[in-house]
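Place chain A on chain E using the hints.
Chains E and A, in that order, give the protein sequences.
For the first sequence, my numbering gives the first residue as 1, with consecutive numbering after it.
For the second sequence, my numbering gives the first residue as 1, with consecutive numbering after it.
Since the hints were made in silico from the structure, they are not lab data.
Take the hints with a grain of salt, since some may be wrong.
No copy labels: a pair is met if it fits in one copy or bridges any two.
[To be verified] Under the rule of at most 16 Å between Cα atoms (straight-line distance), these lysine to aspartate or glutamate pairs were calculated in the EDC-like manner: (1) 121 <-> 85; (2) 25 <-> 85; (3) 121 <-> 23; (4) 21 <-> 52; (5) 121 <-> 82; (6) 53 <-> 3.
None of these values were measured; they are calculated from a predicted model.
Number of protein chains: 2
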Amino acid sequence: MRDQKTMSRNEIEEGPVLAPKFDEKGLIPAVAQHAETGEVLMLAYMNAEALEKTLETGQAHYWSRSRQSLWLKGETSGQIQEVADLLIDCDQDTVVLKVLPQGDGGCCHVGYRSCFFRSVKDSTLTKVQDRL
Amino acid sequence: MRDQKTMSRNEIEEGPVLAPKFDEKGLIPAVAQHAETGEVLMLAYMNAEALEKTLETGQAHYWSRSRQSLWLKGETSGQIQEVADLLIDCDQDTVVLKVLPQGDGGCCHVGYRSCFFRSVKDSTLTKVQDRL
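This is chain E alone, in the form it adopts within the complex (with noise of 0.2 Å):
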């Protein structure tokens, strides 16, 4: 991984070299997609370890803002990620994760395949999804 302050804004945004935009806390989005369905799971945060056993592992690990430890998600609930495919964004400070979520399917603590099971209309929350 390199630094962004040592490349162009064109080497950031279209170049092949891994560059990622932490913020200030050492910290960058991760957006997990269903691998098959697309359907958006969760969004989570890593940092640069995080992201580098992401890599390595091929299962995703995040940085649990609540405890301050690396997380490889599924490691109590079984719902391990298997990682098919890693993006990320024009200016490097968001990744994607299409993955394949392992024990019951779902990812959310509260119950749900995705934690989005709630829809917004004006000021109120409709459930979509039915628990697992």
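Same frame as chain E, now just chain A:
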């Protein structure tokens, strides 16, 4: 919109009341996903006003961190995002917008359909989309 501080964890996670948890900068990440193809197009940020305007008008509004101002996506590029659905996650700190991009159908200032036009393998990025 309600303040999470006045609510139980269960109300936040499973209830019908919109109570977004903005970060210390007053922002919440918003994932824009194509309503028809499911492709993840971009990640941007909303403040309370941007979220309200989006719900009110049905067109995606964000907070531009670089310009520090409210941003109607597509106002200059024509890449207006008509919002077909807006989802919020369990802890109400991220939203997903299912959008229909107008204009040339793109969203990325570099000229691609999605900002996530590069796939990461080891530390090398490969383009997986053609320019619009």
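Hints and how they fare:
no. : hint       : in the structure
1   : 121 <-> 85 : between (33 Å within a copy, 8 Å between copies)
2   : 25 <-> 85  : neither (25 Å within a copy, 31 Å between copies)
3   : 121 <-> 23 : neither (32 Å within a copy, 22 Å between copies)
4   : 21 <-> 52  : within (14 Å within a copy, 29 Å between copies)
5   : 121 <-> 82 : between (33 Å within a copy, 15 Å between copies)
6   : 53 <-> 3   : neither (19 Å within a copy, 36 Å between copies)
Violated hints for the displayed structure, listed by number in ascending order: 2, 3, 6.
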